[in-house]
Every structure is written in structure tokens, then in C-alpha cells.
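Student: Given the structure of chain A, go ahead and fit chain B onto it with the hints provided.
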Amino acid sequence: MLIWTLAKKDLRLLLRDPRAMVVLLAMPLIFIMVLGLSLGEGFGQKPDDRLRISIVDMDQGFPDPDNDDGPRLEWSKTVERDLAQTAGIRVEVIPTLAEAEELVRNSKRAAVLVFGPKFSEQVSRSSFLRGGVNPLFRDGINLEELDLRLVRDPTQLTASSIIEQVGQVTMLRVVLPWMIGRAFERIGDRLGNIMQRALQQMFPSYDLTGKTWAALTRAPERSNDGAEVTHYEPPSGSGALNRGAYRYQVLVPSYIVMFAYFLVLTVGWLFVAERRQGTLKRLRAAPLSHTEILAGKLLPCFLMSLAQGVFLLVAGKLLFGMSWGAQPWWLLPVVVTTSLSAMGLALLVASLARTEAQVAIYGTLLVLVLAGLSGCLMGDRELMPENMQRISLITPHAWALLAYKQLLANPGEPNVELIAQACGMLVVFALGFILLAWSFLRLDDHA
Amino acid sequence: MAEPLLSIHDVRKQYGETAALNGVSFDASAGELFGLLGPNGAGKTTLLSIVSCLLEASSGEVRILGRKASTRDRELRRMIGIAPQELAVYGELTARENLTFFGSLYSIPKPELAKRVDEVLAAIGLTERANDRVEHFSGGMKRRLNLGAAIIHGPKLLLLDEPTTGVDPQSRNHIFEEVRRLAGQGMCVVYTSHYIEEVQSLCTRIGIIDHGQLIACDTLPALLRQMDGVIRFRVARAPADLRQRLAAIADCRLVDRGSDPNNADPDNLELECRDVKTALMRLVAILNELNVELVSMEMTEPNLERVFLHLTGRALRD
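Line by line, the protein sequences give chains A and B. If you're matching positions, the first sequence starts at 1 in our numbering and goes up one per residue. If you're matching positions, the second sequence starts at 448 in our numbering and goes up one per residue.
So here's chain A without its partners, still in its complex pose (with noise of 0.2 Å):
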């Protein structure tokens, strides 16, 4: 109960006091603002040397003519899949055609499959029979026939055929053994089980009724190791921020983590203001313990601390579009480990700080090396040499970096494992620093 008492006055001066509010919350935001502006499009991301197959799917699926109860095909999706599944290739799926089209007007794609609405009902109709859609041509598989169409750039004839040629063996893939095994259906149906066996028997290398690729070369399915769909987002986002461009990503990150540094000039900075009053003697003088005089200081920091990284991340989500992540929850362990590690590091420097121009000059110090050495000031890891990331780790700002990493700036799904070992090893830094600090601090060497 004291404990929040003298927690509940701390916060109130911090939140009274204009400095500690500029720098915790107004100078990250400015940080991120300015390098997020200033920085590259490509900045945060790695080169991916992957073909890249853009798509728009219009696809409104068909009823599966041999289920009348089952879900619709959505042959799209299967291109989609086949197309991911082939290595050295990445799938990318633009929301609307009218971006694919401005995208290819402005080269900066060469070309993009465009899946039309009556896709699926076609390619369901596609058969060797009377009757059905007969999309097989000279060249291979005529789109047009199957409302698929190439948008092109005019301008870039050796990528948009390439792109072409992967559509089309991709097609093949998928169109091929649906429209042989509907035929051999039929065969069934019209001549009899006699002639199927016997055509069976004739290509026992194939399987005729199976209507996939692996199916009809009784080839095992492939794996989806490595399949990549990803979801266009403008990389320079949008709006006068670039909200929800991908380097926010990254920046927001890096900077939550060398602002919840920043603390140790806000602690040390009350306590030193608390010598310096004589507030500090009249405390001691009253029935406290310094165990509970510390607690008292060390809470409201940790919950600034706490609010700080809140503040920064809902402020990323809103101010610039930034993406909390598959596993946003994971955000909260994270957080918190963060603001424990950077409390710790504020009491030691506090504890070894006399004055306030002691806390200013030591601690921006501190505060900047730590985050040159982590990473953080670069806004990105990825740009250190390997051997000082692996340096870097004897900094606790490197493992929360490494979390925020997993947690924000991975496409797939985060490695749990690492973000645990991440908050673990945050935890033993605020212990450490918090041993350092008890064994420094004299509470009454003014007295």
C-alpha cells in the first residue's frame, strides 16, 4: 500500500513533468517520423532473388459437378498453390485490378495473371468431350478461353514472357489431368469398366482417373515447404507518413527498444531531484523501509516504462499503418521483459549518478553506445556484419530487438521458442542490473 503511495506520487510528477514526456513518448515518435520519411522503400527488406508471379483472383468458383453438396472449386486457389509450390518462384497477389494495371503502366511489374470471375466455372468445363471447353491450342493452354488473362508491360517482352511460360506449364499442371480424368469418367460411363481396365493396364505408369499432376503420374504430392503467398502492400505505404509501408516495420521496433532505455534519465533524474530537495531525507525519515522506498520509485518507472512501449506500438499501428504481427499477443511478454531490463539499467545508472547533469551526460551515453552497439540506432539489425550481431547480444536492447523481430518484421509465423529465450534472457539483465544497482546505491550517504 505504501508502495503505490509513493508509486502514485512519482507518476503524477512524471506525467507533470513536460521533459520526461518529450523525451519518453514525443522523441521516438519523431525518430520514427523523420527516418521513416527519409528512409528507402526497400529499407527493412531483404533482396529476394525469387521470380516473382503477380496474380489479381476474380475467381468466383464453381459448383463441383461431381458433389453437388460440396464446397465450390476455386480453381484460382490451386494455380495459386501449384504456382507457390514451384521452387524458385513467389507468389504475390494484388487486391484489385485496377492496381495491377497501374503497377504494370508504371513498369513495376512486367506482367500479371489476372483471374477472372467464370475462371473456375471454365476450367470445370474444360474437356477433350462435345461439348465442353476446349482450352488446349497450339501454344499450349489459351487463357482467354478460361477467362485468364496476361496484363502486360509492352515495355519489358523478355520478364513478361518468361512469366507467361511459368503461367502456361502451371496451367498445364492444373488444367490437364482434370480434363483427362474427366474423360476416362466418361469412358467408364459410356464403354464400360472393361475398357477402362484396359486402358489402365495399357499406361500403368498413370493414373487416368486422378484429375491432379501427381495424381495422374502417381508422383507423391509436393511439399509446401518453402510456398510463398504474400499479399501486396505498397512499399512506400500510403498518406503523407507512408502508412503501412514495410520499414515501419522495422523502425517502430528498433525504436520502442532504445527509447525504453531513454528511462534511465527519467529515473535517474528523480532520484537525483529527490536528493537534491531534501524529499529523499524526509522519506527515510518517515516508517518506511528503503526496500519500499525503492519499490515506490521503481513501479511508476516500470509502468511509464510499460505505457511508453504501449503508446509507441498503438501509435505504429495508427500513425503508420504498422502490422502487429500473426501472434500480437506475444507483444506483451515482450513489452513488459523490455521495460524490466530498461528499469534495472535506470536504477543502476541512478544509483551511481550524483547529479543531474551526471544523469544527462551518462546516460544519453549510455543509452546511445548501447543502442550502436545493438543495432537499434541503425533502425535494423540485418545491416550489422554477423559477427557483431552476434556481439551485439551481450546488450539486452539486441534480445528484445531479436523478439520484436519475430514478432513484427517476419512474413511467416513468429519462432515462439526464440521470443521465450528472448523475455528470458531480458529478465536476467533486469535481475543483473538490479543486483549491481542494490550493491552501488546508498539511500543515506546525504544524510
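Mixed in with the good hints, there may be bad ones.
[Claimed, not checked] Computed list of lysine-lysine pairs in PhoX-like fashion (alpha-carbon distance at most 25 Å, straight line): (1) A:LYS8 / B:LYS557; (2) A:LYS118 / A:LYS8; (3) B:LYS515 / A:LYS8; (4) B:LYS515 / B:LYS603.
Derived by calculation from the structure, the hints in this document are not laboratory data.
Tutor: Same frame as chain A, now just chain B:
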């Protein structure tokens, strides 16, 4: 004398080779206003820190209401209020918030604390500024609040460390009135200062401390009795028997300045006397009898400053 509320016995505090306190002993009772007079660095603040359980003495003993003071005794601290030399209040908080905060450290129940805060605000004359931030207060108002924060929990022993440093006369008078009122209510007040006139006008007993030693401790009249008054006068032409007649005045001593080469004038005379007024009447009568013309006269009554100079060999503000 009543049972002492505060009893200090042979307290010493050593910082390495330096003795900050060297065997200080005195008692103070409930309702007593005890003044501790000494120059800066004499050991006043160190003594108050030990009494307020902020610091352990190297040796000796401090007892408050019969209980030995110790830095580990949290309960004893409830009986003590301290107004440190610094303005130990939070500038960013209002006067009311400051008092409420310091009161809540003593676990006073909320309704009682609110009432107590109002009472203290009224007592220190800050009711109208209760909701203003302290950073906008004058130095005197901050000093009064510093006193208020020391008494918010109703201590039995109040330690005031130079409580009027840098305050205007109005605030000083306010503080004096409040301190007298508190002592009148039975609080034992220890008041340290290096302003002689403050201690002289306020305190019932005074301790003089210098270089960590309590060199005198008594009531003001008793301290003053240690010193003689002085009457310096000049006559037109001193007759031969004047010196003999003056030397015969009871409780007086004629200072022989004949040997002083700077004051060889026999018409310049000086009398040291226990009671200046009685001696003056006798002097005037003798001069009349001998028909000697008095040219000039200067009287110096004994005072605390002279007592301090006499005891320490230096002025208080040296």
C-alpha cells in the same frame, strides 16, 4: 522538570578521522522549545539526523519517550517530525497534494487525513493557496509548507533544521507563531539556527554547539549571566580619587587600561559589571558627588552573541 521526552547522552559521530559530534548530551521535555545554536558545520544537522533515526551514532545514546532511537526502528519515526534544511517538498505538486502524500506515509486513515490536511493548511496560513502548485510559491510559503509536512502526522518531537533560511519577515513570524503554538500544545521542539535573535526570542532553553561539542546549555538568563555588561564613558577631567571610588562599586570591575598604549587617556574609563542598570545609577551618583562632567557614555548589556564569542572565541557568522 518533567520527564524528558528527548534524552541525548554522550552522542558521538565519527566520519573517518573527523568527529562531527563529540560527546553531545542534553535533555528536552514535552512542551519545551529547545534551541540549538551553532555556526554552519557545527554538527547541528548531524545531531538532528541521529535524533530523527536517519543516521546511527558512532557511540552514545538517544532516547525518545524512553525508547532508544535507531535507524531500524520504523515505529519510533511516527513520533518524530522533521523539517529539513532543504525545502523538502515537491514543486510539481500542490500544497494539499504534498501534505496528503506525506501524511499518507504514516498510514493515517483517509477521512482523518483530509481533516488533518485542512487543519495544517490553516495553521501555516496556506488555505487559500492549497490547490496551487508549490513551484509557484514564494520562499517563505515553501518554508511554511516544509513545516506543515513535518507536523502533518502529529508528532511528539519536532525537529526544525534552520526553518527560516531565506524567508521574509512575515513568513518568519508565521513560523514562530506556529512553533510556539505547537510547543504550547505539548510538542517538544528542537530548533536549530545560526540566527541568534531567533533562538533568543523563541527558545526556552538554548544549547550552543561548536565543532561537534555542546559548549553551553541553559536558559537564556542563565547563559547571559555568564557575561558582564560594560559601561564605557569619558569624563572632562578625571579627579585623582575617581578611579578609587569606581573600583569600590559592588559587582563591578574597573578595567585597567593604563597599560594600553593606545588608550593612555585617563579620562576614558570602562566598567565591567554584573548588573549594568544598578552600576549605572552608582556611577552617576559618584560623578555628581565629585562634580565631574560626563562627556560621553556607551553601555553594552550581555547578549547571546557575546556569550557565543566568549565561549567559542569567534563570532557566530565567522
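Student: All hints are to be evaluated individually against the structure, with a verdict given for each.
Tutor: Cross-check of the supplied hints:
{"no.": "1", "hint": "A:LYS8 / B:LYS557", "verdict": "15 Å, holds"}
{"no.": "2", "hint": "A:LYS118 / A:LYS8", "verdict": "65 Å, violated"}
{"no.": "3", "hint": "B:LYS515 / A:LYS8", "verdict": "33 Å, violated"}
{"no.": "4", "hint": "B:LYS515 / B:LYS603", "verdict": "15 Å, holds"}
Hint compliance for this structure: hints 2, 3 are broken, all remaining hints hold.
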